Amino acid sequence: MTATIDAPEAALNTTVTELDALESESVHVFREVAAEFERPVILFSGGKDSIVMLHLARKAFAPAGVPFALLHVDTGHNFPEVLAYRDRTVAALGLRLEVASVEEYIADGRLRERSDGTRNPLQTIPLLDAINGHRFDAVFGGGRRDEERARAKERIFSLRDEFGQWDPRNQRPELWSLYNGKHRPGEHVRVFPLSNWTELDVWHYIEREQIPLPSIYYAHERDVFERDGMLLAVGPYSQPRDGETVTRRVVRYRTVGDMSCTGAVASTASSAAEVVVEVAASELTERGATRADDRVSEAAMEDRKREGYF
Amino acid sequence: MSTLLRLATAGSVDDGKSTLVGRLLHDCKAILADQIAHVQTVTAQRPGARGDGTDFDFALLTDGLRAEREQGITIDVAYRYFATDKRSFILADCPGHVQYTRNTVTGASTADVVIILVDARHGVLEQTRRHLAVAGLLRVPHVVLAVNKIDLVGYDEAVFTGIAKDVNDLADQLGIADVHAIPVSALVGDNVVERSAETAWYDGPTLLEYLENATGRTDTSQQPLRFPVQYVIRPQTDDEYRDYRGYTGTVASGTVSVGDPVVVLPSGRRTSVAGIDKAVVTATSTAVAERPSAVAGEAVTVRLADDIDVARGSVIVAAEASPGTRRELAATVCWLSDRPLTVGARVLIKHTTTTAQAIVTKINGALDLDTLGVIDAAGLDLNDIGKVQLKVAAPLAADPYSSNAITGSFLLIDAHDGWTLAAGMIDDEEGELL
Ligand SMILES: Nc1nc2c(ncn2[C@@H]2O[C@H](COP(=O)(O)OP(=O)(O)O)[C@@H](O)[C@H]2O)c(=O)[nH]1
Numbered sequence: 001m002t003a004t005i006d007a008p009e010a011a012l013n014t015t016v017t018e019l020d021a022l023e024s025e026s027v028h029v030f031r032e033v034a035a036e037f038e039r040p041v042i043l044f045s046g047g048k049d050s051i052v053m054l055h056l057a058r059k060a061f062a063p064a065g066v067p068f069a070l071l072h073v074d075t076g077h078n079f080p081e082v083l084a085y086r087d088r089t090v091a092a093l094g095l096r097l098e099v100a101s102v103e104e105y106i107a108d109g110r111l112r113e114r115s116d117g118t119r120n121p122l123q124t125i126p127l128l129d130a131i132n133g134h135r136f137d138a139v140f141g142g143g144r145r146d147e148e149r150a151r152a153k154e155r156i157f158s159l160r161d162e163f164g165q166w167d168p169r170n171q172r173p174e175l176w177s178l179y180n181g182k183h184r185p186g187e188h189v190r191v192f193p194l195s196n197w198t199e200l201d202v203w204h205y206i207e208r209e210q211i212p213l214p215s216i217y218y219a220h221e222r223d224v225f226e227r228d229g230m231l232l233a234v235g236p237y238s239q240p241r242d243g244e245t246v247t248r249r250v251v252r253y254r255t256v257g258d259m260s261c262t263g264a265v266a267s268t269a270s271s272a273a274e275v276v277v278e279v280a281a282s283e284l285t286e287r288g289a290t291r292a293d294d295r296v297s298e299a300a301m302e303d304r305k306r307e308g309y310f
Numbered sequence: 001m002s003t004l005l006r007l008a009t010a011g012s013v014d015d016g017k018s019t020l021v022g023r024l025l026h027d028c029k030a031i032l033a034d035q036i037a038h039v040q041t042v043t044a045q046r047p048g049a050r051g052d053g054t055d056f057d058f059a060l061l062t063d064g065l066r067a068e069r070e071q072g073i074t075i076d077v078a079y080r081y082f083a084t085d086k087r088s089f090i091l092a093d094c095p096g097h098v099q100y101t102r103n104t105v106t107g108a109s110t111a112d113v114v115i116i117l118v119d120a121r122h123g124v125l126e127q128t129r130r131h132l133a134v135a136g137l138l139r140v141p142h143v144v145l146a147v148n149k150i151d152l153v154g155y156d157e158a159v160f161t162g163i164a165k166d167v168n169d170l171a172d173q174l175g176i177a178d179v180h181a182i183p184v185s186a187l188v189g190d191n192v193v194e195r196s197a198e199t200a201w202y203d204g205p206t207l208l209e210y211l212e213n214a215t216g217r218t219d220t221s222q223q224p225l226r227f228p229v230q231y232v233i234r235p236q237t238d239d240e241y242r243d244y245r246g247y248t249g250t251v252a253s254g255t256v257s258v259g260d261p262v263v264v265l266p267s268g269r270r271t272s273v274a275g276i277d278k279a280v281v282t283a284t285s286t287a288v289a290e291r292p293s294a295v296a297g298e299a300v301t302v303r304l305a306d307d308i309d310v311a312r313g314s315v316i317v318a319a320e321a322s323p324g325t326r327r328e329l330a331a332t333v334c335w336l337s338d339r340p341l342t343v344g345a346r347v348l349i350k351h352t353t354t355t356a357q358a359i360v361t362k363i364n365g366a367l368d369l370d371t372l373g374v375i376d377a378a379g380l381d382l383n384d385i386g387k388v389q390l391k392v393a394a395p396l397a398a399d400p401y402s403s404n405a406i407t408g409s410f411l412l413i414d415a416h417d418g419w420t421l422a423a424g425m426i427d428d429e430e431g432e433l434l
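Residue numbers (UniProt numbering), protein chains in the order written: chain A, 1 to 310; chain B, 1 to 434.
It is worth saying that the hints were derived from the structure and are not from the lab.
Warning: the hint list may mix true and false statements.
Computed from the model, here is a short list of chain A residues facing chain B with C-beta under 8 Å [unchecked claim]:
#1 24
#2 31
#3 61
#4 92
#5 94
#6 95
#7 96
#8 167
#9 169
#10 185
#11 186
#12 196
#13 215
Computed from a predicted model, the values in this text were never measured in an experiment.
Beta carbons: idealized from backbone N, C-alpha and C, even for Gly.
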């Protein structure tokens, strides 16, 4: 069985009205949360999905500012370009940023570094502690249902119990555009305004709205080595092992996360418009192409989400 | 006009729903290489696998939760996204098991098309009747009957025609106008994307052809204006927006234009539309731009000419076609909770942007799936469809569901634990069940 993608033009034909419909749905969700919750927060990593989410939040409340704080769960394994983008954005928009630091948890012994070195799974506890500590009752995540099979099961308003856990077998029915945000003290609701967006929609939107992104999303030269079929950057958190050779390649990132396990893809796409063409013709999913940690088991994401992960 | 089509699937366990969805996605080339490799690996490791590289369980493409894969059933709705040259699709893949019917109701509530599967060997089952009733009740515009496993009945036209007739008779009783039957084999791929050579007697469209050409959501922009207010924007900054006061919301039906005379419910105060704004944001600036009008489905901000009391829960409506408000509702509900409903129950009702207390004052009967008639019922159990009367603590600007799916629908919520108890649809004057 082969997977040939022979009609990229088809995927390119997203009409303006489809993007408008997605935008309206997301804006509606932001306004519902602002009206019904006391302490919402936006998870903001400086990745493209969280950037689009913030853009939509700004649209929902213009000309007023966004009435929510931002929360970054910082693995300590960041791309410097992404951190710089985060700080520029927060300063330019006068937003409040809370940081939950995985590094601190490791330093004081509350968490232990994993043998494989990746820190994505370690984010859950600092995230839940931050939610409890700040008493956030609605937490916006940039997750999309097209990303992964467990995410495909997610509601737009998704209840978490007082331990932050998700019970995928016992989710509230979600009907029409009536979102039920009722929760008991200690519980919170994860809200996914981008649920119905695909990776391609996100890129179309970035192009249409001319949303600036961290530079690593576009083609650049970088020293990389190959591991598990992915191109990993030579950097402070990932070094080639014996037998892995370093080459200088023109690459870009499809996702940004823990630098030690996020792969780059060979690409010459240097603008959102060029990325749209590339994504439409891609034969791999975004996560399959770039996330070593999601490949661990059949249910890696489901297990992490049950425990309270993004 | 948007070319997006929202689909939902329904059918009993083992009718082949997961296989059909997997087949549809696969043949539309919506499955990427890493996902295919994954399914091949898992299928090949199973007992009974041929191990020659041809093992491929399409159902694995969609069953996303561990328990689903272990038990081989779909438990919760999974959403899938795919596109062809003609249009994009959002597919809500809903479980078949009766225990999870509430998830079918969830999927159907936003669907333009429901695909109901029937196993050609078994014909219409209780779940088929239930799913048809749900589709009728929620007024899903189109129903596709996929008579699946047609390969297992020797591609027999008579079997297909018989099942199609049974379903059409039910659809007539349920008031479903548009049912289209297609003979398919999800496993082999007959009439899903590729036309089958084995069903020369069938000259209708394949499933995909049908979906590509189905009309999407009913356009409600010509209906009377309904604009539930979500949230009030008051920047209170020192700039040009110092005195700005905007009412945000999504146009539920109709078209709102600058200058339109409107009434704000529940107060009933008359005013007119002073402005309609949409956001314009750049990396550093946040502003709004004026628009002459906005249509159903658009999220906008409306400003009014007079300084009157408007808050979340207010509904701005066309002055010449106000629905008025009511505190008593007659409605049809799908009961979604394990806890039965009894008369006198106190619940919360969520209707557009209003949440209020309510009491169930009467249960007027439940739908009997065998006869499709209404029978007496003292209470409603999980998955029952029933008729109730409600008394609400706040006045609601409501329409019958048959004329407006947004101002005609509501949720009942358990005030104690927040669980969604029921999906409700407000009856029209005749009070017909369906
Ligand atoms: N022969 C044949 N078998 C099918 C067809 N569709 C599904 N099946 C088989 O029927 C069984 C149940 O299918 P599945 O998709 O899991 O059903 P679901 O419970 O409705 O999701 C599986 O063994 C499938 O391989 C078909 O069109 N023809």
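Okay, the hints, checked on the actual structure:
no. : hint : result
1   : 24   : 4 Å, holds
2   : 31   : 4 Å, holds
3   : 61   : 6 Å, holds
4   : 92   : 5 Å, holds
5   : 94   : 10 Å, violated
6   : 95   : 11 Å, violated
7   : 96   : 16 Å, violated
8   : 167  : 10 Å, violated
9   : 169  : 6 Å, holds
10  : 185  : 11 Å, violated
11  : 186  : 12 Å, violated
12  : 196  : 6 Å, holds
13  : 215  : 14 Å, violated
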